[in-house]
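Using this note's numbering, the final residue of the sequence shown is 210, and nothing's skipped along the way.
Be careful, since some hints might not be right.
[To be verified] Computed list of lysine to aspartate or glutamate pairs in EDC-like fashion (alpha-carbon distance at most 20 Å, straight line):
#1 Lys175 with Glu202
#2 Lys175 with Glu186
#3 Lys175 with Asp193
By construction, these hints were calculated from the structure, which means they are not laboratory data.
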Amino acid sequence: MFQGTIDTGSAMPIEATANGDVLFDLGMIYSTGRSGLIDLVAAHKWFNLAALKGRVDAISLRREIAGLMSDVEIATAQREARAWMATH
């Protein structure tokens, strides 16, 4: 099992053509802590984007994550998703 951390700062950006599967995988990474720490805002953002790209299973995971978040955190995740869509 991987026990290190992933340097997301030096990772290549996801292109606009990223499919729902790639975005879903990012949601899984952040929701499970595979990136080092669990980041519910990032997980919600990526599941939201994956759902928009056609991953129906991302909807229920996004809803589950939202149940663990404050209203402010959800608003932040939605704002980040909109920003990502605007730049990609």
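So, going through the hints one by one against the coordinates:
no.	hint	verdict
1	Lys175 with Glu202	16 Å, holds
2	Lys175 with Glu186	19 Å, holds
3	Lys175 with Asp193	24 Å, violated
The structure does not agree with numbered hint 3 stated previously, though it agrees with all others.
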